[in-house]
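In order, the protein sequence lines correspond to chains W and U. Start counting the first sequence at 1; every next residue gets the next number (our numbering). Start counting the second sequence at 1001; every next residue gets the next number (our numbering).
Treat the hints with caution; some may be incorrect.
Unchecked claim - Stretches of chain W that chain U covers, calculated by requiring three or more beta carbons in the stretch to come under 8 Å of a beta carbon on chain U:
1. 12-21
2. 82-90
3. 96-106
Stated by the list, open to error - Sample of chain W residues at the chain U side, in silico, Cβ under 7 Å:
4. Ile25
5. Leu27
6. Gly31
7. Leu32
8. Arg110
Stated by the list, open to error - If you anchor each label on the Cβ, the simulated ranges turn out as follows:
9. W/Gly95 - U/Pro1565: 15 to 23 Å
10. W/Asp60 - U/Thr1503: 13 to 21 Å
11. U/Ile1082 - W/Leu140: 48 to 56 Å
I should point out that these hints are in silico values taken from the structure, not numbers from a laboratory. Note that beta-carbon positions come from the ideal geometry of N, C-alpha and C, so glycine has one too.
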Amino acid sequence: MSDQPVSKAPGWALWLPLAIFANFIVLVLVGLLRPADREVASAMIGKPLPQFDLPAAVADKPGLKTAEMATGKPKLLNVFASWCIPCAVEAPQLGTLAASGIEIDGIAIRDRREDLDAFLARNGNPFARIGKDDVSSVQLAIGSSGVPETFVIDGEGTIRYQHIGEIRPEHVALIRAKLAEAAK
Amino acid sequence: MIAEFGLAALWLAAALAALQLLAGAMSLTGKGEAFAGIVRPVAVVQGLLCAVAFASLIVLFCQTDLSVKLVAMNSHSAKPFIYKFAGTWGNHEGSMLLWVAVMSLSGGFLALVERRLPERTMLATLAGQAFVSLGFYAFLLISSNPFERLPEPAKEGVGLNPLLQDMGLAFHPPTLYLGYVGLSVAFSFAIGALVTREVGPAFARAMRPWVLGAWIFLTLGITAGSYWAYYELGWGGWWFWDPVENASLMPWLAATALLHSVSVLAARNALRAWTIMLGVVAFSMSMVGTFLVRSGILTSVHAFAVDPERGSFILALLAINIGGALTLFAIRAATVTEGERFAVTSREGALVFNNVMLSAILGIVLFGTLYPLLAEAMGAKVSVGPPYFNPMGALFAVPMLLVMAVGPLLRWRNDRFSRIRRVVLIPAAVVVIVAIGLAIWTRLHVLPFIGLALAGGLAVASLLPLRGRKLSRAPLATWGMVLAHFGIAVSLFGMASESAFSTERLVAVNLGESTKVGPWNIRLNAIQSVAGPNWTALEADLTGRYRDGTAIVIKPQARSFWSPPQQTSESALVTRWNGQLYAVLGDEAEDGRWQLRLWWKPFVPLIWLGGVLIGLGGLLAMIGRVASDIRRIVARDKIAFRRERQGR
């Protein structure tokens, strides 16, 4: 094989690292300066839940299907994963909500049973049912793009509110208000 | 007094850094050559003063001087001595002082011993080092003063986060910082070379030991940190893709790429601009990591005291240091003359390929770490975890490891694959045999399956560069490479095995009851309470039998610290040659049974053993390189001496 010259980088390529870095700075500035705006109107709000039937994610809780979601009482649907750090942060708030009699169902995204067991043992298990969504199909269908997210579902199985990101202590009142709204 | 003394030393060191920068810059302009002579001594004294400041803080912590705010907020008189000492860097201000101390000491050491660089490049390098240090001095003195006094001495300290009260704290942060911040020398070298445009094999040979040294510490620091998190957090995991872990992995990936490209530059005078860029990128990643960790912009299990003002300060430093360096790179790199050419099938070709793969993995980790920010900027808050990092990383790691197996067998400049085909068949056969064995006897996920098969082949392939050589005559640097590459195989085997074969039990048992995990039989004999210097604990008295072997006593604890009040679980580990038993004591259930979490993790210690081997490989290479450099210098001096005599 003959000498194949490895050609020298063109001039513009040398500016590439700086351009990437400039993007990083802009991104971080946005993150630092802008207080996070967590209320996002989802495209799915006001629509009924799509049809799904998820197998059980852990041994001691049943799976989750659409038919069981319309119970006549508003409830929460929490999209989470054991590998997600903000999910651990919101666990105490979910625990508080569950303790006050609110039914919470969970969808575990791309998770393993052992990891989930460990996560629930560590952070508490506020869930009535946990469905296992290994390919994010249901997650995408209900209009969720990440974890954690929490949906308020009314008694007819309609999505009434979408909370993006972890539920912080200051959000608990908001969630209760949305649940009360959904009960009307 | 000691606090004021330390603060004065720190201010003085900052002033000397300013002097070092000025004198260095002046002497480069040609007008102030008289200043050139003071740059090196100033750098050395600056390093020493910073060491004095750091030592002062250590003394304050060891004495538990509660009139100092930092000590009162982070220490406690009843804490065991070792944690008083190591607690010096178990907080934001103290660890920043450690950062600055490492930076100025490595600059001082550089000024003291490095004689191979052209003097102008050396001056530019030391000026660059002073410039970067100056920013961090300002950060420390203005917004994070570790020596601040309280108006009234506190009666008692708040205490140190119990998770940090472990021997890991004594080793992990200092080692990691030596690597993390030691990379600043490579950064300054790159700046120096860009200023004077002197990039070539001599420059690379001078730079290599500094890169290698930082890389060894970084490797050992990450290994130690991973093991510490594994046994201390009690989750049984050894890597969480947490932003802080990624912050240490990213500089390591860049430094690994740099280490290899600097070797190409030293041996073949190729990859000039690329090596310089990696020099800039490696330490930039250290700074970016520090920013991400301390600004609180990302949620992490490592909780530093989070403060947006500090975040803005470090961000400004980042913009100036990295932005400046990359601008300089963009302007000057075009004028750095092109290096030697080489064929695709050559050792350089393989090294370039792996450099690109390492950079790609770096990009994936950086993107994944920043993705939550990106999503938040668009109005969503998300977390990215192993489902993203593992497959995406593997996508580039697998081709990289394959080329790593073959690359060292190729010749420099130009080679034919057919020449080494027969040799490569040996590791390839190992991969196939392991893969067939696994396919028959086990049912594994894709990644562990690839990992195990590849690890077998890599282990064999890593030894091949020694074939046909007289082992006693192979250079130390070659031994170092072989050992480091073998370490990668060992570590990979541990990771894949942990992921493939771990078994876990979460059970509630009565006293006297037994349970099984993997090949182990575990019996809960008793629960007793024990007291430590600043904690009390419930301790499970377990007996474990591996198959039907002798009984081993295992004592995991659930500790309650009282200052600050916090519970930690102290896992108990039993290490065998073929794996580790990991036991954690949980809560008492209402019916009087006790929760136990048990794991049997076959070959998991190999993950860290591999890390240590990689570091040792680096050390061997370092010794070999430095020794041959010294021999070369001595020989050159001898020739010069003879010529001088003949001339007379």
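Fill in: Hint numbers not upheld by this structure, sorted from lowest to highest
3
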